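Asks: Kindly produce the complete structure, drawing on both the sequences and the hints.
These protein sequence lines map, in sequence, to chains A and B. Numbering follows my numbering, with no gaps: position 75 of the first sequence is 75. Numbering follows my numbering, with no gaps: position 100 of the second sequence is 100.
No wet-lab data here; the hints were simulated from the structure. Small disclaimer: the values here were computed from a predicted structure and weren't measured. From the three backbone atoms N, C-alpha and C, an ideal C-beta is built for every residue, glycine too. Keep in mind that the hints are not guaranteed to be accurate.
[To be verified] Distance condition first, Cα-Cα at most 30 Å in a straight line; then the derived BS3-like pairs of lysine-lysine:
(1) A/Lys127 x A/Lys52
(2) A/Lys127 x A/Lys140
(3) A/Lys116 x B/Lys43
(4) A/Lys75 x B/Lys48
(5) A/Lys52 x A/Lys112
(6) B/Lys43 x A/Lys54
(7) A/Lys128 x A/Lys113
(8) A/Lys52 x A/Lys113
(9) B/Lys48 x A/Lys54
(10) B/Lys48 x A/Lys49
(11) A/Lys91 x A/Lys116
(12) B/Lys43 x A/Lys52
(13) A/Lys127 x B/Lys43
(14) A/Lys75 x B/Lys43
(15) A/Lys140 x B/Lys43
(16) A/Lys128 x A/Lys140
(17) A/Lys111 x B/Lys48
(18) A/Lys113 x A/Lys127
(19) B/Lys43 x A/Lys49
(20) A/Lys49 x A/Lys91
(21) B/Lys48 x A/Lys127
[Said to hold, decoys possible] What follows is a set of in silico ranges between Cβ atoms, one per label pair, in the way DEER data are often shown:
(22) B/Arg44 x A/Lys140: 42 to 48 Å
(23) A/Lys128 x B/Glu91: 23 to 29 Å
(24) A/Glu136 x B/Lys48: 41 to 47 Å
The residues making up each chain are set out below.
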Amino acid sequence: MNTAIMLAISSTKSEPTVRFATFRVEGDRLQPDEITALLQITPTTAYQKGEKVKFGPRSPEVIANTGVWFLSTDKIIPSTDLNDHLRYVLKLALSPGGDPMLSLSFHDLLKKKNLKAHLTIFVHGGKKPVLPPSLEAMLKTLPMDVQIDFDAGE
Amino acid sequence: MRPADYRPKMAGDCRSVVVAIFQSPRDRYSNLSTVARIIWDRKRNPTKHVSDQLGIERRDLRQAIHKIKARSNLGAADRVIIYDDGSVTDEHGDHVGNILDEV
Chain A
1 MNTAIMLAIS STKSEPTVRF ATFRVEGDRL QPDEITALLQ ITPTTAYQKG EKVKFGPRSP
61 EVIANTGVWF LSTDKIIPST DLNDHLRYVL KLALSPGGDP MLSLSFHDLL KKKNLKAHLT
121 IFVHGGKKPV LPPSLEAMLK TLPMDVQIDF DAGE
Chain B
1 MRPADYRPKM AGDCRSVVVA IFQSPRDRYS NLSTVARIIW DRKRNPTKHV SDQLGIERRD
61 LRQAIHKIKA RSNLGAADRV IIYDDGSVTD EHGDHVGNIL DEV
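Replies: What follows is the structure, given as structure tokens:
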């Protein structure tokens with residue numbers, strides 16, 4: 001897996017860039033603790049449908065219209081290399097806690113509770129990231145969609 | 001995300017105008033200072049003008065918006081409305097976060 005991911009992104013080092021990934025699971029029947037137990041990591045934020053949520057000190061309390069388990073790698077992975085961020089998320093989805101059986105349980109839970117998983121890739125500055133076919137094929141085997149948010153910067 | 005008890009006031013809000021008429025000049029002024037104005041409501045990525053209004057770098061603004069959208073089940077192309085106090089709502093007016101909380 002690592003070889004494929006290492007080839008994932010080509011980018012210039014000539015200007016400061018920001019790169020990270022986010023991983024979100026959402027659905028009306030989502031129970032955050034179930035996802036946390038399976039993936040064995042504390043999310044950036046998580047809540048269930050109908051729960052009162054406050055996103056930060058400047059945000060008002062709102063009622064969640066669906067359940068969300070959300071992880072952003074920008075505060076976890078200090079690297080500016082997108083490969084490191086993608087490797088982290090893929091490891092989470094393929095072998096959480098180093099146990100591939102937990103991954104199967106995770107995928108079963110998604111199916112059973114009709115939950116959706118999403119991976120987003122953020123790149124600001126440098127060249128547009130290009131995912132090689134091998135990585136795209138790997139991502140297609142996972143029950144998640146992928147979105148890339150790219151801006152070349154000023 | 002359905003706001004529990006909050007919606008940013010807009011500059012042209014009729015209620016604000018009616019209330020302001022019956023207030024003393026001092027109260028009226030202090031009320032106006034709390035009104036959040038829309039500084040971005042387009043589909044594409046916010047410009048440097050928006051980050052300047054919020055007093056942050058543009059890359060920090062984009063990073064914050066990406067996280068807010070990703071958390072809120074909004075895609076990169078989905079429109080959000082940004083206010084000068086950092087509040088962000090989706091196109092239905094539902095609060096989805098505050099940029100200054102994410103920076």
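Asks: Against this structure, judge whether each hint is valid.
Replies: Results for each hint:
1. With a CA separation close to 40 Å, the supplied pair A/Lys127 and A/Lys52 exceeds the 30 Å bound.
2. A distance of roughly 24 Å separates the Cα atoms of A/Lys127 and A/Lys140; the hinted pair therefore holds under the 30 Å criterion.
3. Distance restraint check for A/Lys116 and B/Lys43: the Cα-Cα separation of roughly 24 Å lies within the 30 Å cut-off, and the hinted pair is therefore satisfied.
4. At roughly 24 Å between alpha-carbon atoms, A/Lys75 and B/Lys48 fall within 30 Å of each other, so this suggested pair holds.
5. Under the criterion of a C-alpha separation no larger than 30 Å, the hint pairing A/Lys52 with A/Lys112 is consistent with the structure, at around 25 Å.
6. For the given pair, B/Lys43 sits about 25 Å from A/Lys54 by alpha-carbon distance, which is consistent with the 30 Å threshold.
7. Taking the CA atoms of A/Lys128 and A/Lys113, the gap is about 35 Å. The hint is violated against a cut of 30 Å.
8. The suggested pairing of A/Lys52 with A/Lys113 holds, with an alpha-carbon distance near 22 Å, which does not exceed 30 Å.
9. For the hint linking B/Lys48 to A/Lys54, the alpha-carbon distance of about 28 Å falls within 30 Å, and the restraint holds.
10. Restraint check for B/Lys48 and A/Lys49: not satisfied, since their Cα atoms lie roughly 36 Å apart, outside the 30 Å limit.
11. Restraint check: the Cα-Cα separation between A/Lys91 and A/Lys116 comes to about 18 Å, which is no more than 30 Å; the hinted pair holds.
12. Distance hint between B/Lys43 and A/Lys52 is fulfilled; the C-alpha atoms sit about 28 Å from each other, no more than 30 Å.
13. Between A/Lys127 and B/Lys43, the direct Cα distance comes to roughly 22 Å. Compliance with the 30 Å bound is thereby established for this hinted pair.
14. Between A/Lys75 and B/Lys43 the alpha-carbon distance is near 27 Å, which keeps this suggested pair within the 30 Å criterion.
15. This hinted pair checks out: A/Lys140 and B/Lys43 have alpha carbons roughly 28 Å apart, not beyond 30 Å.
16. Between A/Lys128 and A/Lys140, the direct Cα distance comes to roughly 21 Å. Compliance with the 30 Å bound is thereby established for this hinted pair.
17. Between A/Lys111 and B/Lys48, the direct Cα distance comes to roughly 42 Å. Violation of the 30 Å bound is thereby established for this hinted pair.
18. Using a Cα cut-off of 30 Å, the hinted pair A/Lys113 and A/Lys127 is violated, with the two alpha carbons roughly 38 Å apart.
19. Among the hinted pairs, B/Lys43 with A/Lys49 is consistent with the structure: their alpha-carbon atoms are about 27 Å apart, no more than 30 Å.
20. The straight-line distance between the Cα atoms of A/Lys49 and A/Lys91 is roughly 27 Å, inside the 30 Å bound, and the hint therefore holds.
21. Among the hinted pairs, B/Lys48 with A/Lys127 is consistent with the structure: their alpha-carbon atoms are about 20 Å apart, no more than 30 Å.
22. At roughly 29 Å, the beta carbons of B/Arg44 and A/Lys140 sit outside the given window of 42 to 48 Å.
23. The hinted window of 23 to 29 Å between A/Lys128 and B/Glu91 holds, with their beta carbons roughly 27 Å apart.
24. Between A/Glu136 and B/Lys48 the beta carbon distance is about 33 Å. The supplied range of 41 to 47 Å is therefore violated.
Hint violations for this structure: numbers 1, 7, 10, 17, 18, 22, 24, all remaining hints satisfied.
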